[in-house]
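This is what each chain is made of:
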Amino acid sequence: MHVLTVLLSVWFNIGADFVDKLIARTGRAKDFAFWTNVIQFMLLLPLVGLVTPIPYKALALCASVGAITAYGRIPWYHALAVQGQGLSRLTPFVRLSSIFVLLGAIFILKEPNSPERFVGGGLIILASIIVLLDEPLTTVRKLLETNRAPLFAIIFAISSSAVPLLYKYLVNEGLNLFSIYFYLKLFQATFIMLSSSHGAISSLHMTSFVAFKLIIFARILQTCAALFYLYALTRIDLSVAEPIAALGPFFIIVTELLLRWKNVGLDKLISRESYSSRSATARALSVALAIFGLLLMLRR
Amino acid sequence: MLRGAVQRFNLITETLPVLLIGTLLNIVGRYLCEFAQSHHVEIARFLFLDMVGTAFSAIVLGPWWGAIVGIFSATINGNFYSNFFPFGIVNVCGALSWGYMAFALRIREQLSERPASIRQLIRSFLGLFLVGAFACGLASFAVEIVLYPPMQRPFVQDAWYERVQHLLRMLEPRLSTDGWTLFWGALSREFVDKTLTVFLALICVACFDALSDGTRPTLEQRIRVDALSILCFTIIYGAYLCFARIFRPTIKFTGGVHAVDWLTYPSIIALLYFPLILAIVAFFFQTLDQSDEYGRQVESSRLRRRALVRRYLTRDSWRFFGDQINDQVTLGKKLYGLIGGVAAWPLSKITGLHTVDFGLTYAGAALALVGYSFYQNRQIIESIKRLNADALVLRNWFDIRPPPKATEAALKVFARRLGGVSSAEYIDPSLAYIVVELDQRSVVISKGENSKQPQIFVVGLAHSGKLMDSAAQALISTIVLEIRPQVVFAICSDATDPSLLPWINKVWHTGAELYLMDWSSAERFLEASDRPKMFLAYLAQLRVSTKARLAGGTRLEEVEQLDYADLARRSLPGLSHVLERIDSDHLVMDLGAGRGRHTLHALQLGFRVIAIERKKEAYQDLTKYIIDSGRSEFATALLADYADIDLSMYGRPALVIATGTLQHVTSVLELRTHLEKLSFAGLERYAQIYIEMLFDMIFDDSKPIDGRIDISPDEFESELHRFFLPTEWQIMRIVGPIKRSQLFCQGPRSFYPPAKRIDLVSIEYLIIHSE
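Protein sequence lines correspond, in order, to chains A and B.
Counting in the numbering used here, the first sequence runs from 1 upward without gaps.
Counting in the numbering used here, the second sequence runs from 1 upward without gaps.
Calculated directly from the structure, the hints in this document are not laboratory data.
Quick reminder that beta carbons are idealized off the backbone N, C-alpha and C, glycines included.
Heads up, a few of these hints could be off.
Between beta-carbon pairs, the in silico distance windows are [to be verified]:
hint	chain 1	residue 1	chain 2	residue 2	range
1	B	R416	A	G199	43 to 51 Å
2	B	A565	A	L151	35 to 43 Å
3	A	T52	B	I277	20 to 28 Å
4	B	F35	A	T52	54 to 62 Å
5	A	Y231	B	Y81	30 to 38 Å
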């Protein structure tokens with residue numbers, strides 16, 4: 001039952017990613033990042049009673065990570081907006097965040113490391129390189145042009161890797177996880193509001209309203225996913241939940257294949273050309289390596 | 001094509017004043033009630049009166065704006081009264097029920113947009129009272145049943161609930177349990193309170209004037225709300241929750257055994273999520289957007305209202321101290337008075353000023369401020385309505401087929417606007433005129449500089465084809481000599497004709513100031529005549545420009561290399577007038593844009609512009625100038641013949657410009673195709689089409705050889721009538737016919753000329769989609 005809850009949360013997250021992909025080209029990445037951060041925070045507000053005060057040092061850390069992750073969403077929307085880049089192509093790059101978390105854990109939090117973790121990290125890097133080479137390599141310029149989206153995804157991965165490190169560090173300091181999460185969301189919303197609220201609010205009139213509705217729908221999905229996952233964690237071990245969650249990239253590739261088979265969303269969700277036999281093989285291999293690498297890294 | 005969100009009301013001029021007034025009413029209502037309770041006024045024991053402003057805002061602006069007032073005043077009041085915060089939910093539920101009910105019953109339309117009748121007041125009262133009392137009763141019951149058990153407070157405690165239980169025991173013993181008593185008790189208290197609340201709110205609504213939306217929605221359309229109100233609500237609601245967490249994390253009701261951390265209870269969290277869930281549902285299924293006809297109508301109506309109010313409020317050069325104070329206290333851009341009124345209450349608490357004396361003084365001052373805001377609002381709305389009605393009379397006179405008595409009506413409007421004592425209307429075949437003697441009572445003179453001497457003004461309307469022909473000129477010269485007026489306003493469509501300058505000069509030398517006014521100038525007269533000082537400033541401006549014209553100084557200099565600003569300055573004055581009176585959030589479509597004089601002017605004013613030009617040379621200049629203007633992100637330039645493309649792909653413009661394009665057509669059939677295209681382009685509500693048509697063109701003393709149509713103005717106007725039916729459109733000839741001779745020896749100006757000298761007759765038409 002609780003395994004199903006974890007699976008449900010994975011699917012909710014995938015659904016949110018596909019919705020984001022669907023709308024990414026209809027507006028400006030900065031505006032989407034604004035609404036994403038603000039809405040996620042709004043959805044948390046009724047839980048404000050569960051938040052406890054935290055020390056100033058922790059607040060400052062939350063503010064720094066909040067700023068990095070709030071703006072880190074902008075390149076993610078840029079990546080999604082690049083035509084011809086299916087989600088499955090971006091997933092291995094997003095998974096690079098695990099490597100940055102690993103490096104942070106070792107060098108910043110001074111956690112012990114193990115050979116399996118390094119092998120796992122190496123496999124994820126290999127997975128990313130394989131995806132980069134799914135198109136025949138002609139010139140460096142062509143390579144950079146075709147891989148603009150992965151570059152954006154890597155920036156997003158770097159920014160998002162700061163979050164687990166923050167959680168781990170502050171929980172080790174004895175702080176309440178939900179409070180940290182709340183303050184992080186608060187600062188994300190504050191920073192993005194300070195920098196881009198005017199443009200984002202004016203964009204309400206300019207951006208397709210359907211896209212705006214879909215953004216909110218995706219955020220509701222994401223918040224539900226987070227709540228389901230947290231609920232599942234109260235009943236099952238992290239060592240069970242995480243490997244299930246790691247299947248996400250595999251589900252994405254399956255979904256894309258299904259969409260292609262059904263001839264749905266070819267222009268917006270996946271590109272018509274993106275499933276040549278070479279790229280399909282590269283993507284499947286890369287996803288398999290990324291999942292395997294992730295499992296190795298999570299092994300205790 | 002735009003498919004963005006739609007706002008029902010303008011934020012600064014329509015929404016914010018109502019929100020602030022609503023908040024003040026809530027604060028004062030609650031304080032006065034508390035004051036009366038502390039002085040043992042019996043009836044006050046059963047009242048809260050903290051939702052009068054919520055109801056008022058919900059009725060005037062809609063459910064979610066009402067909820068914002070409710071939750072905002074709950075945030076303020078929550079810091080004054082110990083158990084107030086949790087009942088913010090009641091305020092939200094009340095606002096939503098009143099707002100939706102008011103929209104469904106069109107109460108704003110019946111009470112605020114036109115004079116209210118007693119019957120409508122009673123009908124509105126019954127509907128709002130029932131729905132509000134039920135919604136608030138249920139919400140109040142939900143809060144109490146969730147919070148009483150943790151703080152170990154009995155369900156039945158005070159005199160009211162004991163009486164209710166006693167009554168229930170007599171009527172229906174099965175319903176007299178503590179739980180049921182709490183339910184019926186909460187409901188009955190709300191019924192008592194909401195009777196007075198709704199009554200007071202409706203009185204406020206009836207006293208509050210508003211401009212009409214002008215749409216005729218179905219029931220389903222009426223209850224649709226704007227996304228911005230929902231968004232603002234979620235933000236204010238978030239602030240409310242944060243304030244509750246910071247300032248009142250624990251709460252203990254009277255009669256409770258111990259205080260509770262109310263925000264941590266799952267049932268309370270579920271209750272707190274309730275308004276958010278409603279907001280999400282409303283957002284997904286009930287919001288207005290531009291993808292449907294009704295959404296677009298609401299949007300264009302809002303932008304039109306904004307343009308009307310701005311036209312009244314924001315003439316910075318004509319603003320005067322008294323007017324600014326009025327606007328800034330109550331309406332307009334700043335609202336300092338209302339904002340200060342709301343801020344003073346919590347500040348008094350923070351600074352420790354909060355005494356009984358302060359409270360009563362504050363309540364009195366706040367109510368006075370609210371009353372003054374209502375008065376100011378009424379003044380402005382009535383002025384706008386009057387100006388609209390008078391502008392319509394003027395438009396009727398400029399119509400190419402004016403209605404009967406249009407001349408008399410226009411003369412009466414001008415005489416009324418000037419004030420003083422006016423003569424009867426004299427209608428001559430060449431000129432209709434009226435003589436106005438201004439005295440101390442008149443609008444213009446009463447506060448002006450030369451206030452002692454009575455002055456005589458003459459207003460004349462050129463009667464023969466709206467042209468200042470020789471007969472009309474002779475009549476005006478005679479009037480000037482016989483009546484000796486100080487000022488003569490002569491309204492005609494050829495006011496800018498240079499051939500009239502010698503005659504104007506002659507009249508000026510007799511001692512009278514003669515001002516020839518075309519449609520745009522006459523409309524500015526109407527706008528300015530609302531306030532004496534504004535009118536004097538307008539008159540001074542008119543004097544300066546006429547003198548400059550007589551001295552030959554208003555012609556634009558011929559420069560070899562035009563920059564984008566030079567080109568924008570060359571836009572037609574009539575068109576500039578139209579552009580300046582449309583809200584710049586609108587789209588403008590410039591068909592046959594040439595080198596872009598009108599496109600650039602519209603861009604400078606902040607519009608989004610679609611500019612279409614078919615000649616490559618001109619198109620290249622157009623794109624260059626657009627880039628130079630620094631506003632290229634707001635412009636789309638297309639190299640095409642507008643007759644060949646589907647204009648609806650690019651959105652629905654509020655103004656379609658077709659200047660100097662229609663004379664290129666080669667046949668009546670082609671002309672009809674173009675006019676049909678224009679009528680489809682102007683489908684937007686209140687859309688305007690500006691046409692400049694050139695007739696009898698001669699290129700370097702010979703007729704054009706490119707096969708262009710040879711059509712007379714009368715034939716052209718008949719064709720206009722064929723495609724712009726009088727039931728839906730109003731066609732005005734606002735400038736011309738004026739004979740012009742243009743020299744292009746120094747090369748192209750706003751377009752590439754086919755000859756070095758062009759002689760032509762130009763007429764400018766403004767076609768307006770009827771209201």
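Cross-check of the supplied hints:
Between R416 of chain B and G199 of chain A the CB atoms are about 47 Å apart, so this pair conforms to the stated range of 43 to 51 Å. Between A565 of chain B and L151 of chain A the C-beta distance comes to about 42 Å, which sits within the given range of 35 to 43 Å. At roughly 26 Å, the beta-carbon separation of T52 of chain A and I277 of chain B lies within the given 20 to 28 Å, and the hint holds. About 38 Å separates the C-beta atoms of F35 of chain B and T52 of chain A, a value inconsistent with the hinted range of 54 to 62 Å.
A hinted range of 30 to 38 Å holds for the C-beta pair Y231 of chain A and Y81 of chain B, which are about 37 Å apart.
In this structure, the one hint that does not hold is number 4.
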